[in-house]
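Please work from the sequences and hints to get the whole structure.
2 protein chains.
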Amino acid sequence: MKLIDALNWRYAAKRMNGEKVPQDKIENILEATRLSASSMGLQPYSIINVENNEVKKKLQPAAYNQPQIVESSNLLIFAAWENVTEENVNDYITNITQTRGVTAASLAGFRASLMGIVDGRTQEQKHQWSARQAYIAFGTAIAAAAIEEVDATPMEGFIPEAVDEILGLKEKGLRSVTILALGYRDSENDSLANAKKVRRDREKLILKVA
Amino acid sequence: MKLIDALNWRYAAKRMNGEKVPQDKIENILEATRLSASSMGLQPYSIINVENNEVKKKLQPAAYNQPQIVESSNLLIFAAWENVTEENVNDYITNITQTRGVTAASLAGFRASLMGIVDGRTQEQKHQWSARQAYIAFGTAIAAAAIEEVDATPMEGFIPEAVDEILGLKEKGLRSVTILALGYRDSENDSLANAKKVRRDREKLILKVA
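Residue numbers (my numbering), protein chains in the order written: chain R, 60 to 269; chain B, 60 to 269.
If you're looking for bench data, these hints aren't it; they were derived computationally from the structure.
All the pointers check out, no bait thrown in.
Note that the list lumps identical chains together, so a pair holds whenever it fits in one copy or between two copies.
Within a straight-line C-alpha distance of at most 27 Å, the following computed BS3-like cross-link-like pairs (lysine-lysine) qualify:
no.	residue 1	residue 2
1	K73	K115
2	K267	K79
3	K73	K255
4	K84	K61
5	K115	K79
6	K117	K267
7	K115	K263
8	K256	K84
9	K231	K263
10	K263	K229
11	K263	K84
12	K61	K256
13	K79	K116
14	K84	K267
15	K117	K79
16	K79	K61
17	K263	K116
18	K84	K116
19	K84	K117
20	K61	K263
21	K231	K117
22	K267	K115
23	K256	K267
24	K117	K263
25	K115	K84
Fair warning: this is a prediction, and the values are worked out from it, not measured in the lab.
Given below as structure tokens:
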């Protein structure tokens with residue numbers, strides 16, 4: 060589907076019907092998410108793809124028992140790095156040298172910019188910055204799902220510490236920041252399935268300067 | 060262009076050629092951005108669309124003199140609300156009642172959830188939350204630009220207070236959080252124009268739980 064049509068078609072489904080999303084569609088959504096832009100290209104987050112129904116059941120109370128958690132096909136948990144370290148920078152520089160066949164020396168200036176973030180901010184600031192980058196990927200994933208005609212419910216309503224505990228994210232240096240439930244709307248049981256989309260007026264949202 | 064092809068085609072242009080982006084493409088990018096998801100649909104941000112070259116010149120020093128600021132066709136400044144107030148909630152509830160033809164009384168529960176954010180968080184927390192919502196729109200705008208084959212450089216490297224001052228954002232209750240420069244790549248002068256895209260390996264970025 061075309062992007063604007065897809066964005067008009069989509070909505071945050073409050074109920075899903077439990078149907079599985081075909082694997083090729085999941086792959087397309089994940090690949091679009093992987094290709095997302097991020098500041099300096101660092102991608103300081105991971106995405107946990109939960110398909111297992113037992114795990115979804117464990118997560119449901121941590122998300123205030125919202126039904127989409129267990130009615131979804133896949134839950135994408137966006138988890139931002141809790142810190143940005145020199146090791147992260149070194150891994151990234153190695154990735155660039157290998158992908159592009161350039162020397163690490165040629166990236167000295169770029170490395171210094173990355174180290175400016177590592178050394179110049181508190182751990183909490185680095186996590187918050189990482190979370191913003193994860194939200195770019197989150198936005199991409201929402202658009203990608205809509206294009207694939209897969210319903211996607213963005214969910215901030217959960218207890219991050221509880222989700223992190225269930226998924227063992229702390230040990231991985233990650234903190235959950237937002238969730239995207241992928242699946243198919245249950246139009247019969249979701250009163251919002253046919254509601255008109257509400258968005259701020261163009262002239263209030265998009266401002267022009269003279 | 061298809062989304063994944065578009066995301067593979069795009070990169071963060073370091074130099075642009077000054078060519079104007081046709082108005083219909085700008086409109087498509089802005090409309091996709093307006094249709095972006097946000098928590099509870101509040102859209103707690105504005106986007107300032109800067110086309111005026113004099114304004115771009117004024118902004119350039121605030122963005123460490125990066126050339127794309129003046130070489131772009133349009134600069135989209137994403138500015139998050141510095142606070143979320145009861146007035147904002149009331150405006151939103153009015154928008155829903157008018158768009159969907161429902162009563163305000165039928166939205167009492169939803170209004171209470173929104174007021175939970177207004178009353179339950181500090182102003183800085185509300186701004187940071189608003190910024191994350193703006194980053195969803197930012198991600199959508201980057202994808203939309205790529206589909207339109209318009210180059211888009213995401214830019215966090217600027218002094219927010221200086222940009223806010225130049226654009227008079229403080230008086231509007233807004234704080235700039237990120238910038239998207241739209242235009243066309245200058246492949247001759249941008250050494251990264253033909254560089255291979257670097258992204259984290261799929262298996263490191265996307266984690267599975269058993």
